[in-house]
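Engineer: Read off the chains here:
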Amino acid sequence: MILVLPVILPLLFMVVLIFTRRWLIFQQSFSLLASIGLTFTSLLILLDVYQNGIMSLQPGTWEAPFGITLVADTFSAMMMLTTSFVSIVVMIYSPGFIDRERQTSGYYPLVFGLLMGVNGAFITGDIFNLYVWYEVMLTSSFVLIALGGSAEQLRGSIKYVTINFVASIFFVAAIGILYGQVGTLNMADLAAKMRTWDDGSYINGALMLFFIAFSVKSALVPFFFWLPASYHTPPIAITALFAGTLTKVGVYTMFRFYSLFVVFDQQFWQIFILTLAGLTMFIGVLMAASQFDIRKILSFHIISQVGYMVMGLGIFTASGIAGAIYFTIHNMLSKTNTFIAGGLVYQRSGSYDLKYLGGLYKASPLLALLFFIPAMSLAGIPPLPGFFGKFFLIKGGFEAQQYFITAVAILTGLFTLFSMVKIWNEAYWKKEPEEVQIRNGKVHPSTITATAILAVAVILLGVFAGPVMEISMDAGEQIVNPEMYINAVLGR
Amino acid sequence: MLFLLAILIGVLYGSAVYLLLRRNIFKLILGLIFLGHATNLLLFVAGGLTSGKPAFIRGLQDEAIGMSDPLPQALILTAIVIGLGVTAFALTLVYRFYKVTKTVDFDELSENE
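So the sequences go chain by chain: A and B.
FYI, the numbering for the first sequence is 1 to 492, going by the working numbering.
FYI, the numbering for the second sequence is 1001 to 1113, going by the working numbering.
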């Protein structure tokens, strides 16, 4: 029964928070406690799944192919845990960064709406239900990105809403076609039936529509332009939450669907996905190199790093997938951390533009350190998790003899280092320029605390790379052998 | 019936894409609405459209005789409700955008002001 909690709890929290949204202190403290509770629940689920194998629940006692099934395997439990941990950090960070007006007009309930959608997408075992969770998540994110209603935000949100709506349409169309062909919506049942099918043309058509929908949501080439055009517009606490969770839900779903549904023409899909992964990595990092706004540099990096995750999927061996999963977890933490560290820079000097920044290392070594840790982690410098993530992926790539994509991954790593060093040089090392916007801005203690907590978590993820990798291997095995998932759900 | 619906879906998709590519943001919203309805109809057709006969997929052993599959309708209903919510939000967004910028032209969406 614990499996319903990741969805039910955020709903309850959201209801409580909606009715109390004018009481600022209550909102802040309740949200913090609630996200800690959510993390604890996810941890329990992860422990249970890791010990006893894939967990499934049939709410309303409708048997598996008929009702909506909830399933948690190791991968989804890991993703839920990371998401709710990121939400704790954002809850500590927000009171010090987001203005009072936004905080009391529904920011906190919306975050829990978002978490409900994200957790639901991780945990559901039914494709139409997945679509509904996607919409719950997206609707919350629509309102969050527009919350406050400045002209810049409105521009960003029109693009964001449009592209995501169109992607959802692709998603629904694919569900319709797949249902018309196979006649079931339960993922495990679909996968089991597809394995007895002899004609893959409809199924592959539907899968391509699914693939387009998910690559829009996870910002793969060529569908990534909406991300850098909208992510920099809301306050950076919201951007950090989006960066840590939303695109990764797309990646997660892609892993799940590939593992379960790619039965026909596997070679085509593998080459197709590896090609897009390589292009995404490389184009993302190249476009990041030409930007001067910290938020835009980091947004383009999200794209590049989604390429790494999808590369692990394209390799499709247990170790490649495990590397990708470790990389995803690392990325959720490190990416959120760089964004909120960028927020500290903004509080200190009133700008995200590298042209107006400088001398921060001299002015505040603590701020510099807090940015340095996640940035070097993203760039892949040894004791930090980014290094291990890339190492496991590249090792998986060599073992599977995918040399070309591995070479692209290594090259992209160099460029990532380049753009992290660029932010470092411009914002921290260079002399303070003449025309700065604020000279000694006040950095709120809660934002520093949140960034420090996340930086410690990033370091710990690197220190405990061995155990985390072991759990990821378990998850990778489950992804590569979809029979485990099918049998767990259908109770065979 | 199938033929008519197929043409209707095609026309709806076509006009949706045309509207999405216009420069006026209100027409963009109209395009989104059309796109949603075209897809709902697609779901309806793809779910099986045989009147007076059981609408389950041919070739299955456990065919229920004398019933039509109610699931696609349920799915469409859900999709309509979700689409309605998103459209309402998008309309509010565009209205607010108009209030702030005094225009509904796409050019206003570009970064450089």
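It should be emphasised that the hints constitute simulated quantities derived from the structure, not laboratory data.
Backbone N, C-alpha and C define an ideal beta-carbon position, used for all residues, glycine too.
Just to be clear, a hint being listed does not mean it is correct.
Below, a list of computed lysine-lysine pairs in the DSSO-like style, where the Cα atoms sit at most 30 Å apart [as the list claims (entries may be wrong)]: (1) Lys395/A / Lys442/A; (2) Lys296/A / Lys362/A; (3) Lys1099/B / Lys296/A; (4) Lys431/A / Lys1102/B; (5) Lys355/A / Lys430/A; (6) Lys431/A / Lys355/A; (7) Lys1027/B / Lys1099/B; (8) Lys193/A / Lys296/A; (9) Lys362/A / Lys422/A; (10) Lys1102/B / Lys159/A; (11) Lys430/A / Lys442/A; (12) Lys430/A / Lys1099/B; (13) Lys442/A / Lys296/A; (14) Lys159/A / Lys362/A; (15) Lys1027/B / Lys159/A.
Looking from chain A toward chain B, a few residues come up when the C-beta cut is under 10 Å (computed) [stated by the list, open to error]: (16) Ser157; (17) Val161; (18) Val172; (19) Pro222; (20) Phe225; (21) Phe418; (22) Val421; (23) Lys422; (24) Trp424; (25) Ala452; (26) Val456; (27) Ala457; (28) Leu460.
Short derived list, chain B residues pointing at chain A, Cβ under 8 Å [said to hold, decoys possible]: (29) Val1011; (30) Leu1077; (31) Leu1084; (32) Val1104.
Engineer: Against each hint, give a clear statement of whether it holds in the structure.
Structural biologist: Hint check results:
1. Lys395/A / Lys442/A: violated, 45 Å
2. Lys296/A / Lys362/A: holds, 25 Å
3. Lys1099/B / Lys296/A: holds, 27 Å
4. Lys431/A / Lys1102/B: violated, 41 Å
5. Lys355/A / Lys430/A: holds, 10 Å
6. Lys431/A / Lys355/A: Given that 30 Å is the threshold and the Cα spacing comes to 11 Å, the pair holds.
7. Lys1027/B / Lys1099/B: holds, 17 Å
8. Lys193/A / Lys296/A: violated, 44 Å
9. Lys362/A / Lys422/A: holds, 17 Å
10. Lys1102/B / Lys159/A: holds, 18 Å
11. Lys430/A / Lys442/A: It holds: about 21 Å lies between the C-alpha atoms, which stays within 30 Å.
12. Lys430/A / Lys1099/B: violated, 42 Å
13. Lys442/A / Lys296/A: Given that 30 Å is the threshold and the Cα spacing comes to 24 Å, the pair holds.
14. Lys159/A / Lys362/A: violated, 39 Å
15. Lys1027/B / Lys159/A: holds, 14 Å
16. Ser157: holds, 6 Å
17. Val161: holds, 5 Å
18. Val172: Because about 5 Å separates Val172/A from the closest Cβ in chain B, which is inside the 10 Å limit, the hint holds.
19. Pro222: violated, 17 Å
20. Phe225: At about 12 Å, which exceeds the 10 Å cut-off, the nearest Cβ of chain B leaves the hint on Phe225/A violated.
21. Phe418: violated, 24 Å
22. Val421: violated, 26 Å
23. Lys422: violated, 20 Å
24. Trp424: violated, 25 Å
25. Ala452: Since chain B brings no Cβ nearer than about 33 Å to Ala452/A, farther than 10 Å, the hint is violated.
26. Val456: violated, 36 Å
27. Ala457: violated, 34 Å
28. Leu460: Not OK, violated: Leu460/A not within 10 Å of chain B, min 38 Å.
29. Val1011: Nearest chain A Cβ about 16 Å off; hint violated.
30. Leu1077: Leu1077/B check fails; min Cβ-Cβ to chain A is 11 Å, beyond 8 Å.
31. Leu1084: violated, 11 Å
32. Val1104: Violated, because the Cβ-Cβ distance from Val1104/B to chain A comes to roughly 10 Å (cut-off 8 Å).
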